[in-house]
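Protein chains in written order, with this note's numbering: chain A, 1 to 83; chain B, 84 to 1057; chain C, 1058 to 1474.
Among the hints, erroneous ones may be present.
[Claimed, not checked] Listed next, the stretches of chain B that the computed footprint assigns to chain C, with coverage defined by at least 3 CB atoms under 8 Å from CB atoms of chain C:
no.: 1; region: 418–426
no.: 2; region: 487–500
[As the list claims (entries may be wrong)] Over 10 Å on every C-beta distance to chain A, these chain B residues come out as not near it, computed from the model:
no.: 3; residue: Leu223
no.: 4; residue: Pro435
no.: 5; residue: Pro513
no.: 6; residue: Leu554
no.: 7; residue: Thr668
no.: 8; residue: Glu701
no.: 9; residue: Val733
no.: 10; residue: Gly793
no.: 11; residue: Pro808
no.: 12; residue: Pro844
no.: 13; residue: Gln927
no.: 14; residue: Val949
Since the hints were made in silico from the structure, they are not lab data.
Glycine included, each C-beta is placed from N, C-alpha and C at the ideal position.
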Amino acid sequence: MLIPCPYCGERGADEFTVIGAADPMRPEPDAPMEAWVEYVHVRDNAFGPHRELWHHVHGCRQWLVVTRDTRTHAVHGAEAARR
Amino acid sequence: MRLPTGGLIDRDRTIRFTFDGKAYAGHPGDTLASALLAHGVTLMGRSFKYHRPRGVWGLGSEEPNALVELRSGARREPNTRATVAELYDGLEARSQNRWPALGFDMMAVTQAFAPMLNAGFYYKTFMWPAAFWEKLYEPLIRRAAGLGRAPDAPDPDRYEEMHGFCDVLVIGSGPAGLAAALAAARTGARVIVTDEDARMGGRLLADRAEINGAPAHLWAGQALAELAAFPGVTLLPRTTVFGVFDHGTYAAVERVSDHLAAPPEGMPRQRAWHIRARRAVLAAGALERPIAFAGNDLPGIMAASALRGYVNRYAALPGRRAVVFTAGDDGWRTAADLRDAGAEVTVVDARPGAPALARGVRHVAGGRVARAHGRLALDEVELTTGQRIEADLLAVAGGWNPTVNLTSHHGSKPVWNEELSAFLPGAGIPGLTPAGAAAGRLTLAACLADGARAGLEAARQAGFQGQPLPLPSAEDEPAAIAPLFFVPGRASTSFVDFQNDVTADDIALAAREGFRSVEHAKRYTTLGMATDQGKTANVVGLAILAEQTGRTIPETGTTMFRPPYTPVSIGAIAGHHVGRGFRPTRRTPLHGWAARNGASFVEVGPWLRAEWYARPGEKGWRDSVDREALNVRANAGVCDVSTLGKIEVVGPGAAALLDLVYANDISTLKPGRIRYGVMLREDGFVMDDGTCARLAADRFFLTTTTANAGKVMQHLEFCHQVLLPHLDVAVLSVTDAWAQVSVAGPKSREVLRGVLDDAAPLALPHMSVAEVTVCGGTPARLYRLSFSGELAWEVGVPAECGEAFMERLMAAGAPHGLAPYGTEALGVLRIEKGHPAGGELKGQTTAADLGLGRMLSKRKDFIGRVLSQRPALVDPARPVLVGLRTRDARQVLRAGAHLLEPGAAPSTGNSLGHVTAACWSPHLGRMIGLALLSGGRDRHGTRIRVFDPVRDGDAEMEVCDPVFLDPEGSRTRA
Amino acid sequence: MGHYSLFSLLKNALTGNRHWTPAWRFPEPKARYDTVIVGGGGHGLSTAYYLAKEHGITNVAVVEKGYLGSGNVGRNTTIIRSNYLMPANTHFYEHSLKLWEGLEQDINYNAMVSQRGVLNLCHSDGQRDAYARRGNAMRLAGVDAELLDREQVRAMVPGLNMDNARFPIKGGLLQRRGGTVRHDAVAWGYARAADRRGVDLLQNTEVIGIRVEGGRVRGVETTRGFIAANRVGLACAGNTSRVAAMAGLRLPIESHVLQAFVSEGVKPMIDTVVTFGAGHFYVSQSDKGGLVFGGDIDGYNSYAQRGGMPIVRHVMEEALQLFPAMSRLRYLRQWGGIMDMSMDGSPIIDRTPIDGLFLNGGWCYGGFKATPASGWCFAHTIATGEPHRLNAGFRLDRFGTGRLVDEKGAGAQPNLH
């Protein structure tokens, strides 16, 4: 699998680590416990396009949001997580 | 016999080899199979279940039958296909899966029980008595099963890996592949051409076809010469592309030295290629399939195209009287070639009205072979009419299976084509275009044209411009086919999967028993699961299943092809990551110094760390460790702590970032001071602990545990880039930049005075940091902090100055009794002081469990803040950190023991916790330990049962405070 | 339908094997069942079997979109064991192991349960202590466990790389009752046994909707029409999230691909199941002679049943760290299974917020070995409406309460379990 790092170009997935869904947003500090449980534990587990966080750990060390289809592994794009 | 002329072998040279101990000779260009056939040897193996005699079926890597053990000793290669083993001088091969001999195999007695040993028989018996399965039945089955024997020693050969990049990858170098490669190369594209054969050319080497009016193999030679002259073209013979992975990545293995007795000096045995290709052309050809009829597995029965190949390419003709049993026109080509090689030929063409396509052969129109007769080899062919034909060769032409395997590697199933009676590529894989026979173009001119088209198209898609390749002149052979998969009759010896002994009967039985799904039938009968992965068997099996279940072939479906295309050596994939090279070894900047000073090293994650420094006269490691630990408490010791993760966090946003990351407050830390810090995971459990030194308002220096260095660095980057991207801050790993030592002990101040250029910073209070110089100007950092409970500093110097600094430090410390100590003594000192470390930081403990609950900040948000308050994480019954003290010097305490109430029965419910760390405390003269114990804080001073059944330990010990030494910390602050 | 035995084999052999009957029926779906199980894999089939056997509930359909056993029950490395640390796991998997031990006589099907031992190697003092802790936890639960030293390991497993390893082998944790089972046979055996007790096995029937009215489940929409049921149990690991989403549920689960490998058959060379402690690798040898082995998940969410070369390389490297003689053997086939990776590495067997809808998923690496106990506990949960003591630790609400069953301490990152 190749990940198109916006800084380094297409690189093998073995240069990266991935931690899963990019969409859950860290709740506000005063959010209720349920929101935090949801943020940390619950996932849409998309069947299809999936926005996910990849870290170019053996490269530029940037966290990326990669949109990838979980059915086919086709990558639709990647951008820096810091936007 | 070897034909007097012809063939692409070098008759000027002779190669000697042995098979089952008997000496033979062949020529360069031969395979083991062709050389044996040239000697008239057709019996080469025994089948898996019934031990039936078997000979060569195919010409290449699809071979299911002729499997041998090649080479010997540590280089023994079981299950090697004789059809792809190139001859070399001294080659040794042995038949396998027979006892005592290939010609007389006692195990063949199983055939007598064949009616009971049919598909799935083992699921229906061996159930009583239950204990007999492991003791009796299974050992017998295991010994009888298997094929060859694994080598009995580590592999002496080397493997390597290579990364290849190209615009167009051409898989296969037959007519379609060569045309594709030429068309692509002429556009200027970078092209890699692979072929699993030693000699490129594919069927052009095996058929008597003509291109441009000359033998086709000459055209192949010219094409290859032209390709070789392009600087951007790489030709890889002996290379199998075995898997297609995501985004145009292809895995291949090159057999660099397998055609030699041993790899030459400096050369690998095999090389794994990881190829990234913008586009690829699959020109892998097609394989001929068998027809199932009784006795169709006897040696002497071969694929018609394979037999033709042995005659044309190797000038090997393993018989005299040949029958060609064909379902289409193609068999006639074999008939003609056999005739011209001098054999007597009868063509049994299953099509009643088909015309004879060759002269000088007998023709049985509309005939079918019902049964083959013979014991160890074919004697006679019996037709359905009862007619018998004496024969020692039977060439079977059942039609072609395009080699679509790679197109299925992403899950797309092949699609049945009624006209060709064959599966063609389905939706396939983006960027991979099948061409030639692999795409169902089964004739020469069509292959050339299709290859040229596909090659040019691939190059264009990769961004190159070019003109269509002028096609060489060639003709399309007659290629009509009337599908024929099996001849009804004695189905119990009509083999479908030769190697796994799956018969037409087995498939019928599977269907009868409800295993009607093609996947069920495959798994129930093991059809297609042998080393050839169904390359020859699958379609015939499917056709029989379809008939048995009253469905068409497309209704019945097909199984998936998965990587690898052909079996691949495990060593080739592992490459050089073997033995001690499995993973990189990290050495600290002080490694050399430690090695010169008697250190023993221990693996700590990727690192090697000094565990102790033995001195003459010490009888065991405990002597060294006790001495080192006591010396720290009495004088001073120095320990290499360079492996700790070291991170600098720099910028105006540094404090804000660290406030999020650490559970305790960091922004309130004053420049020049150090704070012990705890990080939680977002789920509320402790992730890591360490120190955080504020070098300046906008500059922090963090240490992490050795084990978590990478994880913490990644976490900091996550918190910055994903959670707080607006912060102006940089996070830098500086672990490798510093050689860092801990100097600990009551005399450490005196020791350091000897190396610091200015001793004033030694007066700074505990938990302070200063930038200093040592040894006459070397920049250094001085951190006053203590892990051992003694007066202590850590000193960091640039990594390249580490060893020199160590020498100076030791010299300066000698008058004060300074001695190095290793990780074992470090562990003793920290247990005596009750500091949490590896055994306590397992990702399952909370800050409160470790007695650090008060550190959790109440004035800010931090990672893990909310979820650390979940009910189970604040349950008062949670095990908490305590000390354990043995009752006398003889009691043994080990980490991993569980804790029970004295007198309580051992049970899961009664386990109150476990011992996380234990050591002999030379200071206290007994073993002590740390433990996580439910209700632990209320149990100080009570007894607990330390239960360690896996090491026969069971004793009562005393629970105490985890700090065994100087709870007030006066030594540290001295 | 006949009873399987040596006698039946003999009898059928003498009559040309023409009288064997189908192992299961191919029924038409009824309009209504008491219970519908979604998923005809190992867990769904065993659930149906135990519903019938233990609870007398036989008006049951198992709805399977492909063929029986087409999921992970046929795509694993066939290992069974109960060598777990966390009490919820130890007791549950031990119950499973006990069911495995009597399975074949119970269902009259030889699944080749082979208790050849499972040996976890350790490579550091700290790891040995962690294994001791786990072994002691097993012993406290009444499970067999032995801690072997280096020399005992050497004696037990010839061919192990004791002398040239990057991470030296220091010992191991052995569970002799662990072992392997012929995976497909488990699905077929349970299917046949459930069918014999009246369960309808509906193959090629895909669930495309779950009908919920007033907070109660009413049945499932399938490609063969609506099937009504008061109770619906989901046992479709790999696709749990997708199917649960039909009822509006979001779960603490991600789908990941786990690859496995088999080598060409060779004569017996590895007699026990061996796992590598300085990586993630496990190997055993099948009765057919192939070495069956696997490693880590690829690490990214995936529903494609295939993985990539980086993990293949890791696995092969790890293989050779343990058994250098495997270098010249060839691997024959690789495949990928889609696994439910839960957020703490442990499964979920529970009710759901929807009345009558029950959930069984999140199996991570542990699904195959759990097959009997999973079905047994799920059947209990469906039949009684409450989890059994053995699956009480596997409730869905544990993520909220923090009562996690995190064997490795990896936290809420599924690809680290």
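Checked hints:
no.: 1; hint: 418–426; verdict: violated (count 0)
no.: 2; hint: 487–500; verdict: holds (count 3)
no.: 3; hint: Leu223; verdict: holds (44 Å)
no.: 4; hint: Pro435; verdict: holds (48 Å)
no.: 5; hint: Pro513; verdict: violated (8 Å)
no.: 6; hint: Leu554; verdict: holds (35 Å)
no.: 7; hint: Thr668; verdict: holds (18 Å)
no.: 8; hint: Glu701; verdict: holds (43 Å)
no.: 9; hint: Val733; verdict: holds (15 Å)
no.: 10; hint: Gly793; verdict: violated (8 Å)
no.: 11; hint: Pro808; verdict: violated (4 Å)
no.: 12; hint: Pro844; verdict: holds (34 Å)
no.: 13; hint: Gln927; verdict: holds (16 Å)
no.: 14; hint: Val949; verdict: violated (4 Å)
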